[in-house]
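J.: Residue numbers (numbering that gives the first Met the number 0), protein chains in the order written: chain P, 0 to 573; chain E, 0 to 708.
I should point out that these hints are in silico values taken from the structure, not numbers from a laboratory.
Any given hint might turn out to be false.
[Unchecked claim] Restricting the straight-line Cα-Cα distance to at most 20 Å, the calculated cross-link-like pairs of lysine to aspartate or glutamate (EDC-like) are:
no.	chain 1	residue 1	chain 2	residue 2
1	P	417	E	531
2	E	536	P	210
3	P	417	E	672
4	E	30	E	128
5	P	417	P	330
6	E	628	E	256
7	E	662	E	631
8	P	417	E	555
9	E	314	E	569
10	E	314	E	210
11	E	536	E	569
12	E	536	P	518
[What the hints assert, rightly or not] Residues from chain E shown here face chain P by an in silico Cβ test under 8 Å; the list is partial:
no.	residue
13	488
14	605
15	627
16	631
17	695
[Said to hold, decoys possible] Derived list of chain E stretches under chain P, where covered just means 3 residues or more per stretch with a C-beta under 8 Å from a C-beta of chain P:
no.	segment
18	24–38
19	133–146
20	247–260
21	316–328
22	462–468
C-beta atoms are modelled at their ideal positions from N, C-alpha and C, and glycine is treated no differently.
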Amino acid sequence: MTWQGCAQIAVFAALIVAVIVPLGGYIARIVEGQAPIWRPLAAVERGIFRLAGIDPATEQGWPQYALALLMFHLAGILVLYGLQRLQNLLPFNPQGMDAVSPDLALNTAVSFATNTSWQSYAGETTLSYLSQMAGITVQSFLSCATGVAVAVALVRGIARRSAPTIGNFWVDLTRITLYVLLPVCIVAGLFLVWRGVPQTLGGYVDATTIEGAHQVLARGPVASQEAIKLLSGDGGGFFNANSAHPFENPTALAGMIEMLLIFLIGVALTYTFGRMVGDRRQGWALFAVMALLFAAGVAVVYPSEAARNRSFAAFDIDQLAGPLQAGGNMEGKEVRFGVAQSSLFATVSTASSDGAVDSMHDSYRPLSGLVMLANMMLDEVIVGGPGSGLFGLLLFVLVAVFAAGLMTGRTPEYLGKKIEGNEVKMAMLALLVPPALILCLSAVASVVPAGLAGLGNAGPHGFSEILYAYTSAAATNGSAFAGLNANTLFYNLTLAAAMFAGRFLVIVPVLCIAGTLAEKRRVPVSAGTLPTHGLQFIVLLAGTVLIVGGLTFFPALALGPVAEHLAMQAGTAY
Amino acid sequence: MDITSGPYGRDRKAARWRELFSAPLAMEAVKQSFVMLRPDIQWQNPVMFVVEVGAVLTLAFIVRALLVGAAAFSVSYFVALDIWLWLTVLFANFATAFAEARGRAQAAVLRSTRVSTPALRLRADGGTERVTSIELQPGDQVLVTAGEVIPGDGEVIDGVASVDESAITGESAPVIREAGGDRSGVTGGTTVLSDRIRVRIVAGFGESFLDRMIALVEGAVRQRTPNEIALTLVLTAFSLIFLIVVVPLWPMAYNAEQYMTSYLGLSTPLTSLGTDVPTLVALLVCLIPTTIGALLAAIGIAGMDRALRANIIAKSGRAVETAGDIDTVLLDKTGTITLGARRASAFLPLAGVPVRDLQVAAALASAGDRTPEGQSIVTAALAAGTPAAQIAAAPGAEVIEFSAQTRMSGVDLPDGTPIRKGAPDAIVDYLRQRGASVPGGIEGLIAEAAAGGATPLLVSHGNRVLGVVVLQDTLKPNIEGRIALLRRMGLRTIMITGDNRLTAATIAKRVGVDDFLSEATPEAKLRFLRAEQSAGKLVAMMGDGTNDAPALAQADVGLAMNSGTQAAKEAGNMVDLDSDPTKLIEVVEIGKQLLMTRGALTTFSIANDVAKYFAIVPALFAGTLPWLKAIDIMHLHSPTSAILSAVIFNALIIPLLIPVALKGVRYRPLGADALLRRNLLVWGLGGVIVPFIGIKLIDVVMVALHLVA
């Protein structure tokens, strides 16, 4: 580890803390309809509502909200599927890309409509500009707005008293997209163009390299997609190499801003939450839990990557960082990012539900791979995706509060809302879905020939590749461990199923909780009420997340990264 | 201060407690544990049902191993595993059965007072007839004379008697039961010690309120409470999660066997416990929350039982549970905060009124007030030297009875002149209605009495106010401590009193209640209660009078005094056999204890899994991934001994925790944060550490006894 590396991580942390209050407050005002809006934008909003026949003053109960959301995204999947299947007939296809195969098109359509962005394809050799812009980029915006909308609906459920409704999906979707995502993306897109990211409709360029070889340089409308790719928690890159590609992530500064974009909405929403429930300390407590778990992850990954490899101990190799080398484990990492930023990026990407990568996760040490897997397995509550991180953590809050309430001899309550049978049932259902998908599908893939066929490695590492793929899909992360060839009928379909269920079978119970909580009266605070903003609750909540996640995934992790790590310690590698 | 002590018979309870731990009870419970293995009964406990299915499955594997020959592991390992799986189920059933048996025994003690007794029934023609209590119908009237047992629950409609209620309360001091007023309720099975009373029976034999409640305690009609349902959901969800963890382990472990075989280039495939079904069953049983699953029913039954032992009969488990959540307690000043024996201590005449006139008028007006206070005015007037002849009501005078609504009593003299005595505001209103003016000096007198915490009563003669009678009450010993305790438990205490504001404020300040409601009528009390509830608070109150019935019914926890009227008992959801108004503290405590015991054991159960993983996971893959041995920080003897030790620990912890389930985790009024910290440390951290020690110990013992290979 170097001081520069540590300083870089500290700067990132400082930037994150700095954006929470302004952005979080802004989002709260937007979703509560209180922020002053620039007139032309407000006119756009009115136009959209009039065109779609939406009355912004009419609110929805949770079933209507959920139905609107589901219908909207099913339509989105259909459109994106159609775009890919017909892209050879549609305009903006300078490279003459062929139609995408049905299973891959389905996998990709589900992947982006669910904010996962698992990519079984390589963007620069598969998709036309139209598919990238009107398909992938649009879905990135919409799936992100949906995530935030669901979180906001849940927060409304907690904040409101005896209310039959939790908001209007169409209004939330429109306002979040127009007033939050678009402005940030325009600024971020321009910043990236300044750093060297291309933004063009022109075709690929034939270049002759210094050595005289011919090379086709892929380019396209990259910057516009790059901004929302990061901000949305989606992470589907224009290029196959994702943020490791110099056209997606040209410099270390761009890398820093990309990480910031990934966390931006996720952390800001904790403040939005505190503001909307009328007690900012509650929001800070949730942020503290996220920060604690995130810091723990970085504290494992960075030292583990910067450390010497024991297997080289017998040779006379200098593995330490110095003026001429980054030191540590540089396999699969870009020289311009080094060990520190790559480690940070990998942790950020898996802790959030983004899944953008600036290095190859497959090449990380087993312990780092373990952290990345754990980040996703903990239901993506360490910042998590925009919205999904907050509502995911609130599900754990319900479980923690239930246990704590019992232990203090009171019917559990959170922020004045009694937590009863229905909330507990729905929370457990939502928390049950991702592990069920991850473990069952991984188990199937690790014995059927179609599953084993895609493996690039044998042994525990091969198992980690399978486990990582389904974890990434079910947790709607989308990052890949690589090493696994997932563009097969088996993986395309099973991963699509995991993504769809992992997203919507969590969102629907969350909205149900929002609905039933909104209907409840608010119990006043008394001396017997458990404070949910103090250090003790922060520790309890972090502990709940770790214990529930740990108990669920310990055996599977033992077969993968843990076994690999211990074997490596003993001098065995695969 | 020992919060469990109360003025009710503790020694007797201790004896009862000892006898409830008797061997016959345990034997009965053992028998019942086997009966409960029937799938349709076991199914009611989903967690333990999973264990039973696992035990049956393991049995099938034993049979298969015997028929086709054992697989990689010895049959004795399977047999040992299966025995402990069955024991796990039986231990759980025993916990439930034992709690139920104790509940039944407890109820039987009460029921023993309710055997058939002779009764002297009044016939319609005025004569009497000898019948047995079984024949009594609601509405029948019986005569009970000193030395006789009251044949059924009822109300005294004539006479006054001292009654020995020790059969149901354990309290040997006799109580007074009299017609009219709020002490008219009598219970079947209690003995009249003096005098003779006429009792109207209100319930047929075996159908009385008490009988119905005993049936509840016996578990015949036990319903699961909302919290219990929510917790069962959580436990079922955890069972499901662990099912999802364990079932996919088989293919995953198979995958590991395959690649390790090919990696090592072996000709015979590697095997591990990871693909052995009985072992995976054992893992599942260890992981699912069996500890709390086994004890959940027992905790609920024990809660009702604890309430009963405090001489409180709850109509439902729900009521006991709700008690733990109470935010606000309404305390009647009279009888709860003060001894309730208010005595007239002084007569303060207005300027210009002879004190004798005031004394005479006050005594005359109290003729219609049969409350002890009213009678004390008469006594005080006599003691002050008022001639008895002057205060004897003249023939033709009409007595106006005291009522809680009017809050005054009086007499209309034969010439029509009304004499009234009552709460100051009631008298003032009354005079104003009559168009009379109220003299100015009166406030000073009222304030003088009230500032001392005494209750002033106004006396009027015709349209004239004569002065003030001062009623002095004594605070109950240590009432401040009890109220401070309620506040430390996080409850808001509200004193309810018919007194004027100033008196109420003085007493409220002295005893330390948070707030008070003065000049309260039953309607005002009900209004206040509803207002609290609409603010989202849960309210508890105690009451004994018929006046209290609507509020008792409205309150979330309505604790009725057994000495109170039948209406009050029917309206409330708990009855205190001791008729001790400070009993609410125990009720709240029992409610909290109930939830806390569930929470503590749930946390303990889940926390245990950490150690079990450390024991079992390396054992599962010892055959394929020997490096995982590094996780086995307990250094267990062998893979099979590791798994057996975990299963045995998992089974043994159930009977070891039965006493905790029955006695409950102790509640301390520390505030939620401190209480949580304490319980997290004891049951959370303890739950992580204890099994490490326990499993290692079992492993060491098994190795020492050569029980494992």
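J.: Which of the stated hints cannot be reconciled with the structure, identified by number in ascending sequence?
T.: Of the numbered hints, 2, 4, 5, 7, 11, 16, 17, 18, 19, 22 do not hold.
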